[in-house]
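Protein chains: 2
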Amino acid sequence: MSFDRLIEKIVEKQNPTVAGLDPKMAYIPAYIKEDSFSKYGKTLEGASDAILTYNKGLIDRLYDIVPAIKPQAAYYEMYGWQGVRVLAETISYAQSKGMFVITDGKRNDIGTTMEAYATAHLGETDIDGEIKEPFGSDALTVNGYLGTDGIKPLFSVCKDKDKGIFVLVKTSNPSSGELQNLELEGGQTVYQKMGTMCEEWGEEIPGKYGYSGVGAVVGATYPEMLTELRHSLSKTFFLVPGYGAQGGGANDCRGAFDQNGIGAVVNSSRGIMCAWQKEKGLDQRDYAEAARREAIRMRDDLRSVIGEMHL
Amino acid sequence: MSFDRLIEKIVEKQNPTVAGLDPKMAYIPAYIKEDSFSKYGKTLEGASDAILTYNKGLIDRLYDIVPAIKPQAAYYEMYGWQGVRVLAETISYAQSKGMFVITDGKRNDIGTTMEAYATAHLGETDIDGEIKEPFGSDALTVNGYLGTDGIKPLFSVCKDKDKGIFVLVKTSNPSSGELQNLELEGGQTVYQKMGTMCEEWGEEIPGKYGYSGVGAVVGATYPEMLTELRHSLSKTFFLVPGYGAQGGGANDCRGAFDQNGIGAVVNSSRGIMCAWQKEKGLDQRDYAEAARREAIRMRDDLRSVIGEMHL
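Those protein sequences? They're chains A and B, same order as listed. With our numbering, letter number 278 in the first sequence gets 278, and the count goes up by one each step, no holes. With our numbering, letter number 120 in the second sequence gets 120, and the count goes up by one each step, no holes.
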């Protein structure tokens, strides 16, 4: 139930990382783009075709050591519906290799509209009796600003189809404190209140390893808050952005984990995707090998502070 | 600049309403679905084809009296990339008829990722030198929980391409107060703080009628807060959901408007889309006529409390 499948994959691979797939044209080796552009031109379709080839190459060299990917919806929508089709194809390809997929969409709305997002990204659409799966991801990031009306509509798909959500609590960006750090009457900050709501919402979707299906996004760039939230939110699994390119290191992530070395998955996007651009003299065709080397380095970096992960 | 184009269309049509296009299979007349299913089966493609036909029929009977449409992204994503293609086609069709289009996506992220959303929905994508427009909407709803890092990346596209954004401030749902109504140290509530940030962000995108390119979503279901926010946020244009199906009436919306009868656009989705299901004995093929009748009724209802709109 909930994040149990992800936790099992993390322990099996002894690796609490998720590879962010946020493809931009500038990250894709020229030979891949040339091939796609020769087929479709420099069009939304050509760009999307290049992204799919690039993503599949990365997944092929990561799936046996990394438990999960996190495609960021914005970078697919940027290439129109053609890019959104490649989001669906990327999700499906990663799952066929046994990976857990977190769609980073930060979706939010209320009632039946939030149900539509749940159906779109995690569930199945009923077309006058025929059942189809639009995107079929394993988890979705969501924004809880609208309160319970924006979160509850996700629960039935999480329960019925064994899916999870990550609610934004304390984001990794410099200005996240403008609203999130403000103190409310009674002394809690806005992010603490959001965390408390996650813990309460999670009671409806318990998991067998102690973590519910309602996770929280908490940035590695605020390590003290990460530690504080791990203590106060004992049933809430964390998705931790901010490692690598945004400045967070393994030590900054330590607080996200419990005494069994579980409780969180740490994201790296550019660090892994663009590793090939940092290795001097590398043949571009080895871009996925470079990504694998960086993923192993990151895994070992995190292991060095967490130790062995066990259920 | 910013919402000037929308304000001009509102005054020209003497109608401050936006028709929400949130298509569900249950809202679409059977003859349209039968035709699409006969071509594509009960598939994501078949459902999407039916939605496009339905939307175009509505737009054809609304564009001369209603200034804007608001497609809700969730209801298109629910039908996969095929549905997202129909979102793009609906935007383009409405614009070809002179309508202003607000994509209701409530997008939110930080830095380059938020830039990608801005590019996707409002801007143009650079594909190694070739410029393509993925969705090309006129405005986008966004969630400001991440602070300035999540809003500033939208400004350059708003300035360069004359687009606008609506930030969620006080949403129309029953549980919106769980977070939004909480009082911060100093006495402001969370929604008031978000409104103040909108007013400040808007200074970078001023408009010639006094309203900036940073608007706010404020629900008609909280009329006192609507009135209070209109007074405190004098440069912030409002998108007002909650009229009709959610329970708000014209009197509840009155506070959103200034002394010139401008300052807000009021949304109705199900009220207009499903008007045909409420008229007894109606031929389904007249579904768009019923939508037009409801749109005229709503326009006259709002006019009766606002009076004449002028620049």
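Simulated from the structure, these hints should not be mistaken for laboratory data. Incorrect hints may have been included.
Put simply, identical chains are the same to the list, so a pair is met inside one copy or across any two.
Claimed, not checked - Here are the simulated PhoX-like cross-link-like pairs (lysine-lysine), alpha carbons at most 20 Å apart as the crow flies:
| id | residue 1 | residue 2 |
| --- | --- | --- |
| 1 | K42 | K235 |
| 2 | K132 | K56 |
| 3 | K152 | K42 |
| 4 | K159 | K39 |
| 5 | K9 | K97 |
| 6 | K9 | K152 |
| 7 | K56 | K39 |
| 8 | K280 | K208 |
| 9 | K24 | K132 |
| 10 | K132 | K42 |
| 11 | K39 | K132 |
| 12 | K161 | K42 |
| 13 | K280 | K235 |
| 14 | K97 | K56 |
| 15 | K278 | K42 |
| 16 | K161 | K132 |
| 17 | K24 | K9 |
| 18 | K97 | K235 |
| 19 | K193 | K152 |
| 20 | K56 | K24 |
| 21 | K39 | K280 |
| 22 | K13 | K278 |
| 23 | K9 | K235 |
| 24 | K56 | K161 |
Verification of the supplied hints:
1. For the homomeric pair K42 and K235, neither the shortest alpha-carbon distance inside one copy (47 Å) nor that between copies (41 Å) is at most 20 Å.
2. Proximity of K132 and K56 under a CA criterion of 20 Å is satisfied in neither setting, with 24 Å inside one chain copy and 25 Å between copies.
3. Within a single copy, K152 and K42 get their C-alpha atoms no closer than 42 Å, and across copies no closer than 29 Å, so neither meets the 20 Å cut-off.
4. Proximity of K159 to K39 under the C-alpha cut-off of 20 Å is found in neither arrangement, the shortest distances being 43 Å within a copy and 35 Å between copies.
5. When the C-alpha separation of K9 and K97 is checked against a cutoff of 20 Å, the pair qualifies only within one copy, where the shortest distance is 12 Å, while the shortest distance between copies is 52 Å.
6. Taking CA atoms no more than 20 Å apart as the test, K9 paired with K152 passes in neither setting, with 27 Å inside one copy and 38 Å between copies.
7. Taking identical chains as interchangeable, the C-alpha atoms of K56 and K39 lie at most 20 Å apart only when both belong to the same chain, with a minimum of 18 Å there against 33 Å between chains.
8. Taking the shortest Cα distances, K280 and K208 never come within 20 Å of each other, neither inside one copy (46 Å) nor across copies (53 Å).
9. In this assembly of identical chains, K24 and K132 lie within 20 Å of each other by CA distance solely across copies; the values are 15 Å between and 30 Å within a copy.
10. For the identical chains of this complex, K132 and K42 are inter-copy neighbours only, at 9 Å across copies versus 32 Å inside a copy, given an alpha-carbon limit of 20 Å.
11. Proximity of K39 and K132 under a CA criterion of 20 Å is satisfied inter-copy only: 17 Å between copies versus 30 Å inside one chain copy.
12. Taking the shortest Cα distances, K161 and K42 never come within 20 Å of each other, neither inside one copy (39 Å) nor across copies (22 Å).
13. Proximity of K280 to K235 under the C-alpha cut-off of 20 Å is found in neither arrangement, the shortest distances being 44 Å within a copy and 52 Å between copies.
14. For the identical chains of this complex, K97 and K56 are intra-copy neighbours only, at 10 Å inside a copy versus 41 Å across copies, given an alpha-carbon limit of 20 Å.
15. In this assembly of identical chains, K278 and K42 lie within 20 Å of each other by CA distance neither inside one copy nor across copies; the values are 26 Å within and 48 Å between.
16. Proximity of K161 and K132 under a CA criterion of 20 Å is satisfied intra-copy only: 14 Å inside one chain copy versus 37 Å between copies.
17. When the C-alpha separation of K24 and K9 is checked against a cutoff of 20 Å, the pair qualifies neither within a copy, at 28 Å, nor between copies, at 37 Å.
18. For the homomeric pair K97 and K235, neither the shortest alpha-carbon distance inside one copy (29 Å) nor that between copies (52 Å) is at most 20 Å.
19. With identical chains, the CA atoms of K193 and K152 are at most 20 Å apart within one copy only, with a shortest distance of 17 Å there and 26 Å across copies.
20. Taking the closest pair of Cα atoms, K56 and K24 come within 20 Å of each other only inside a single copy of the chain (15 Å); across copies the shortest separation is 34 Å, beyond that limit.
21. Taking the shortest Cα distances, K39 and K280 never come within 20 Å of each other, neither inside one copy (30 Å) nor across copies (54 Å).
22. Proximity of K13 and K278 under a CA criterion of 20 Å is satisfied in neither setting, with 26 Å inside one chain copy and 57 Å between copies.
23. In this homomeric assembly, K9 and K235 come within 20 Å of each other (Cα to Cα) only inside a single copy, at 19 Å, whereas the closest approach across copies is 51 Å.
24. In the homo-oligomer, the alpha carbons of K56 and K161 never lie at most 20 Å apart, since the shortest distance is 25 Å inside one protomer and 35 Å across protomers.
In this structure, the hints that do not hold are numbers 1, 2, 3, 4, 6, 8, 12, 13, 15, 17, 18, 21, 22, 24, in rising order.
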